[in-house]
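Taken in order, these protein sequences are the chains called L and H.
Quick note, the first sequence lines up with residues 281 to 392 if you use this note's numbering.
Quick note, the second sequence lines up with residues 8 to 122 if you use this note's numbering.
Since the hints were derived computationally from the structure, they do not count as laboratory data.
Among these hints, one or two may not hold up.
Derived DSSO-like pairs (lysine-lysine); straight-line CA-CA distance at most 27 Å [what the hints assert, rightly or not]:
1) K21(H) - K329(L)
2) K78(H) - K379(L)
3) K341(L) - K379(L)
4) K64(H) - K329(L)
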Amino acid sequence: AQSVTQPDIHITVSEGASLELRCNYSYGATPYLFWYVQSPGQGLQLLLKYFSGDTLVQGIKGFEAEFKRSQSSFNLRKPSVHWSDAAEYFCAAYSSASKIIFGSGTRLSIRP
Amino acid sequence: NAGVTQTPKFQVLKTGQSMTLQCAQDMNHNSMYWYRQDPGMGLRLIYYSASEGTTDKGEVPNGYNVSRLNKREFSLRLESAAPSQTSVYFCASSGTGKVSNQPQHFGDGTRLSIL
Chain L
281 AQSVTQPDIH ITVSEGASLE LRCNYSYGAT PYLFWYVQSP GQGLQLLLKY FSGDTLVQGI
341 KGFEAEFKRS QSSFNLRKPS VHWSDAAEYF CAAYSSASKI IFGSGTRLSI RP
Chain H
8 NAGVTQTPKF QVLKTGQSMT LQCAQDMNHN SMYWYRQDPG MGLRLIYYSA SEGTTDKGEV
68 PNGYNVSRLN KREFSLRLES AAPSQTSVYF CASSGTGKVS NQPQHFGDGT RLSIL
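For reference, chain L alone in the conformation it holds in the complex (with noise of 0.2 Å):
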C-alpha cells in the first residue's frame, strides 16, 4: 500500500540554524509530492510540490526540499529558520483518484 513517513514526531532548532525534515514515500510509479505547513489553528498550507523535472524544487518562505528516487525520500530543507517557522510541517504524496495521502506530521519548535 501507498504511504508516506514522517519518522520525526518533534524537532527543536535554533534560530538561525539550518534544518531539515525527513520524508519517505512509499510508491511504485514516480510520486506526486507536496510538502505542506501548519501555524496553530490554521489549515494546511502549500510549501512546494514536485511532479518532475528538477529534483530539487524552490517553494515559499525559503524552503526547498529535494526528490531522491534511489532513497525514496523528499526531505524539506531551510538554510537558517526563523522563529516564525515554528509550526507542524505535512509530507503527502498524490495517491490515485484523486486523493493525497499525508503523513503523520512533524512539529517544528524553535529555540531562541
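Please arrange chain H on chain L, whose structure you already have, making use of the hints.
Using the frame of chain L, we list chain H on its own:
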C-alpha cells in the same frame, strides 16, 4: 479572496446529537475533500468528491455522510455523534486540470468536541 470557508469554527455536541459541517469554496474547483486531524495521526480522508455529483469514501468514512450540494459546497454530516468523533475537521478543494498536479487548498478547520 476567501478560498475555502468552513462553518462553524467550533462546536460542542452531546453523544447522539446530529450535526452538519459546512464547506464552501470560491475557486471553481472540481474536487473537494473532508479530513479529520487527530494528534499523531496526520490527516485522514473521510470522504471526497472528485466532481460535482459524485462522492466516494476515503480512509475513515464510518459514522459520516456527505453531500456535494453544488460545485461550491460540500457538507459533512454526523448523524449520531460519538466521543470518538472528537477531532478537528478540515475541508479542502483542488482545481481543474490533471488532478494529480493540483495541490489542495484548505479551510481553517472546525474543532468539534463530543461529550
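With the threshold set at 27 Å, check whether the alpha-carbon distance from K78(H) to K379(L) stays at or below it. This hinted pair holds, its Cα atoms lying about 18 Å apart.
Taken at face value, is the distance from the CA of K379(L) to the CA of K341(L) at most 27 Å? holds, 26 Å
Can you confirm whether the C-alpha distance between K21(H) and K329(L) stays at or below 27 Å? violated, 41 Å
Within 27 Å, alpha carbon to alpha carbon, are K64(H) and K329(L)? Holds - the C-alpha atoms of K329(L) and K64(H) are around 25 Å apart, at most 27 Å.
The structure does not agree with numbered hint 1 stated previously, though it agrees with all others.
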